[in-house]
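Novice: Turn these sequences into a full structure, and let the hints guide you.
As they're listed, the protein sequences go chains B and G. Note that our numbering numbers the first sequence so that position 11 is 11, with each residue one more than the last. If you want our numbering, it's the position in the second sequence, counting the first as 1, plus 1000.
Don't read these hints as lab results, they were simulated from the structure. All C-beta atoms in this analysis are idealised placements derived from N, C-alpha and C, irrespective of residue type, glycine included. Check before you lean on any hint, since a few could be wrong.
[Claimed, not checked] Taking beta-carbon pairs under 10 Å as the criterion, some of the chain G residues facing chain B (in silico):
| hint | residue |
| --- | --- |
| 1 | A1007 |
| 2 | L1018 |
| 3 | A1079 |
[Claimed, not checked] Anything over 10 Å on all C-beta distances counts as not near chain B; from chain G, calculated:
| hint | residue |
| --- | --- |
| 4 | T1033 |
| 5 | D1034 |
| 6 | P1035 |
| 7 | W1040 |
| 8 | S1045 |
| 9 | A1046 |
| 10 | I1050 |
| 11 | Q1111 |
| 12 | A1113 |
| 13 | S1115 |
Number of protein chains: 2
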Amino acid sequence: MDYPHIARQTSRVLSSYLTYQAVRVVVGQLSQTDPPLAIWLNGFSATGKIQDGEQYLRELLQERQELALRVMTLREHLAETILDVLPEMVRADIQQANIQQRKHHLERITQVASSEAATWPELES
Amino acid sequence: MDYPHIARQTSRVLSSYLTYQAVRVVVGQLSQTDPPLAIWLNGFSATGKIQDGEQYLRELLQERQELALRVMTLREHLAETILDVLPEMVRADIQQANIQQRKHHLERITQVASSEAATWPELES
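Specialist: Quick look at the structure:
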């Protein structure tokens, strides 16, 4: 298994996701201070191009430099603030989700087995 | 800014992404050992439903229990192995990307300014 490659890909996805979260925060702030600009940024960001955070920022820099710089500062701040808690949080989430998935699956196949067992007397009578 | 909320959302996205990466690893392994099953799992996973990792696993548990259990074990293993390097990696990525974005933007506006300046002599002559 190519762990370094998976780590690099995951890092890229996470960078783009933090860019997306930074845009959402800026839209939220603008909706208080400058609603028309909030609507503009929301429209600019809603075309799916935000999937690639770097391409998105290149285009935003050309359209509205001050907004792009604000998003860039904010994503760096988010990275400083929330990343350290993530490893423990994600590990706990996945462990808990795996336990839940196994539990529900066991309940489901036990119900199927018992409802099948319940039909035996009828078949035998 | 609601950091705990952003951290929770990011954790959920990361859990789903590790589920997707685990599926890709299992497809790769199966393509060596059981190509028809690799094709089946690839088809099952290609319908967009893997965007929600938990819903995807619930459906896979009903279709092919042994594959779902394998994906679940693997995503837990990936979480143990790669998560700890991510905070530093993502922070470095974002810092580096921000520097590049600012640099390219500066080059672009400097070029525009100098090409505008180059037209002055003509205007003055």
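Novice: Once the closest CB in chain B is found, is it more than 10 Å from G:P1035?
Specialist: holds (19 Å)
Novice: Closest CB-CB distance from G:D1034 to chain B, is it above 10 Å?
Specialist: At about 18 Å from chain B, G:D1034 clears the 10 Å cut-off, so the statement holds.
Novice: Confirm or reject the statement that G:I1050 sits farther than 10 Å, beta carbon to beta carbon, from all of chain B.
Specialist: holds (14 Å)
Novice: Taking the shortest Cβ-to-Cβ distance between G:S1115 and chain B, state whether it exceeds 10 Å.
Specialist: Given that every Cβ of chain B is farther than 10 Å from that of G:S1115, nearest at about 16 Å, it holds.
Novice: Is it the case that G:T1033 keeps its Cβ farther than 10 Å from each residue Cβ in chain B?
Specialist: holds (15 Å)
Novice: Does the claim that G:Q1111 lies outside the interface with chain B hold up, using a Cβ gap greater than 10 Å?
Specialist: Given that every Cβ of chain B is farther than 10 Å from that of G:Q1111, nearest at about 13 Å, it holds.
Novice: Quick one, is the G:A1079 hint okay against chain B at 10 Å, beta carbons?
Specialist: This interface hint holds because 5 Å falls under the 10 Å limit.
Novice: Is it correct that the beta-carbon of G:A1046 has no partner in chain B closer than or equal to 10 Å?
Specialist: It holds; G:A1046 is separated from chain B by about 18 Å at its closest Cβ, greater than 10 Å.
Novice: With 10 Å as the threshold, tell me whether G:A1113 passes as away from chain B on beta-carbon distances.
Specialist: holds (14 Å)
Novice: Is the hint on G:A1007 kept, meaning its closest Cβ partner in chain B is under 10 Å away?
Specialist: holds (4 Å)
Novice: Interface hint check: G:L1018, Cβ to nearest Cβ on chain B, cutoff 10 Å. Holds or violated?
Specialist: holds (7 Å)
Novice: Is it the case that G:W1040 keeps its Cβ farther than 10 Å from each residue Cβ in chain B?
Specialist: holds (19 Å)
Going through the hint list in order, the structure satisfies each hint without exception.
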